[in-house]
Every structure is written in structure tokens, then in C-alpha cells.
Amino acid sequence: MIMGSPKWQGHDVPLTAAPAAAAETTPAPLSVWQLIREDVSCVKARDPAARHTFEIVLTYPGVHAIIWHRLASRLWRGGVKFPARFLSWLGRFLTNVDIHPGATIGRRFFIDHGACVVIGETAEVGDDVTLYHGVTLGGTSWTAGKRHPTLRDGVLVGAGAKILGPITVGAGCRIGANSVVIEDVPPAMTVVGIPGRVVKAVADRRRVGDGRIDLEHHLMPDPVGEAIVSLLDRIEFLEARLSHLQGERQRGRGATADEAA
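So for the sequence shown, my numbering puts the first residue at 1; every next one is plus one.
One should not assume that every hint holds.
Claimed, not checked - Below 30 angstroms or equal to it, Euclidean Cα-Cα: the simulated DSSO-like pairs (lysine-lysine) are:
(1) K44 x K81
(2) K44 x K146
(3) K200 x K44
Said to hold, decoys possible - Quick list of the computed label-pair ranges, beta carbon to beta carbon:
(4) E226 x G79: 47 to 57 angstroms
(5) F86 x I194: 29 to 39 angstroms
(6) G79 x I228: 33 to 43 angstroms
FYI, nobody ran anything at the bench for these hints, they're computed from the structure. From the three backbone atoms N, C-alpha and C, an ideal C-beta is built for every residue, glycine too.
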């Protein structure tokens, strides 16, 4: 068992007991409708504009996209490939969100302002992940196999960000808007820029008291801007030093001329 004290004590444990105990503790997989119910209910916690369930179900394209994907994915994993692809195409036609039925999407998944989102076939998305519009989970290879990214639990991806290749974004990470991430990201980090750079750990972030996600995207650090400011400060220091040396040199020439006279 993973947690708690072991179920069996002593040395006379039968060899078949451990698999049986593991089977008893393995939770049953959720049905499609249970997953969809969670996808709908999580919207209120992540979108301040959400008011009630009826409005969310009827007017949120991101919710519509994940509903279509849940149905298409179940067909895909059941070996019914063409109907799965057709449902995926229909969902894209209606929502402008393209999720391959082979992609693995965890629980309580939310696409805010769902539009222009692309999730590739071998992408893996954990639980409680939030994507904004224009996000791409894309591949970088023509070869078959794993070629799309893996997002662990609790990842938030800002608008327009691109996460490319078979990389892993650790749990609790935040990807800034329009960033391009092409390398693995450790858990609980903030990434911004092109290419993406880790700029802030979870300990340095603003805390949200009510448990909701932090929507203060404008407080993201700017590593490029900070580097430019450092260069400008260094240039100003070097110019001041050069002016000082030039002044000392001119004074030295004046003193030599006076001595010669």
C-alpha cells in the first residue's frame, strides 16, 4: 500500500495477497459523464465571469470542446478510429478548438476563452490544468511515437503560448502568455519568453487566499527587459569611467607642457 500502515503483518503473508490488496485500493475509472460534470463544475473556480451551470454549458466553447473530446477519446481508445476522428473534426468545426482524440486529458480540464487551441495526438495533460486561447501543445518530429508535450497536474498556460516537443512541464508550473517552451520545466516554476526561461519559483509568487488560480498575469517578470536595464547601467558606468580617464589624461598633458615651457 502506498499510504498508511501495511495491511498484512508478520511473515506468513501469502504471495497472492499483495496484488489482491492493490486491486481493492485501486479506484474505479470515472465514466465520461462524471468527467464532463467535473469539467463543467470547475469553471466557476477559474473564471470570475462564470455565473451558473446552465450558462456555462450553453455558452462556453472551451467546455463544449472538452465534451466533444471526452466522447471522441472514448471511441478512439475503444478502437473505433474513424468515428472518433469525425467527432474530433466536428468539435473543431463548432468550437475552433482542435484536440486529437488520442490525446490524454485529465480531470477538471478548462480552456478559458476557448479558441485556436491545438492539442496533439500524444499530448498528456494532468488534472486541474487550465489553458487560455491560442495555446498549442505541438510536436516537433515526423516520426511516430511520443512527440507532444506532457503537462503535469495544476499547470496554467497563458494565451498564445506554444509548448513543443516531447517535453515535460512539471506540476504547478505557470507558462506566460506567448512564451515558446521547448525544454523540460521543473515543477512549480514560472516560464516566460522566447525561448521560454524559468524566472520565478512558487515561493516567490503572489498568494491567492481563496484557493483560486492567480490571474495576475501582468505581474510576470521580464527577463529580457531586466537584462537590457543591466546593460544600460553598465554602459553608463563605463562611459563615466572613460570620461574620468580622458580628463586625467588631458590634465597630465597640460602639466607636461607647463614643465617644458
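Each hint, compared with the structure:
Distance hint between K44 and K81 is unfulfilled; the C-alpha atoms sit about 34 angstroms from each other, more than 30 angstroms. Taking the CA atoms of K44 and K146, the gap is near 33 angstroms; set against the 30 angstroms cutoff, the hint is violated. Annotation: proposed proximity of K200 to K44 holds, straight-line Cα distance about 27 angstroms (limit 30 angstroms). A beta carbon spacing of about 52 angstroms between E226 and G79 agrees with the range 47 to 57 angstroms that was offered as a hint.
Look at F86 against I194: about 36 angstroms separates their beta carbons, and that is inside 29 to 39 angstroms. A beta carbon spacing of about 55 angstroms between G79 and I228 contradicts the range 33 to 43 angstroms that was offered as a hint.
When the structure is compared with the earlier hints, violations turn up for hints 1, 2, 6 and for no others.
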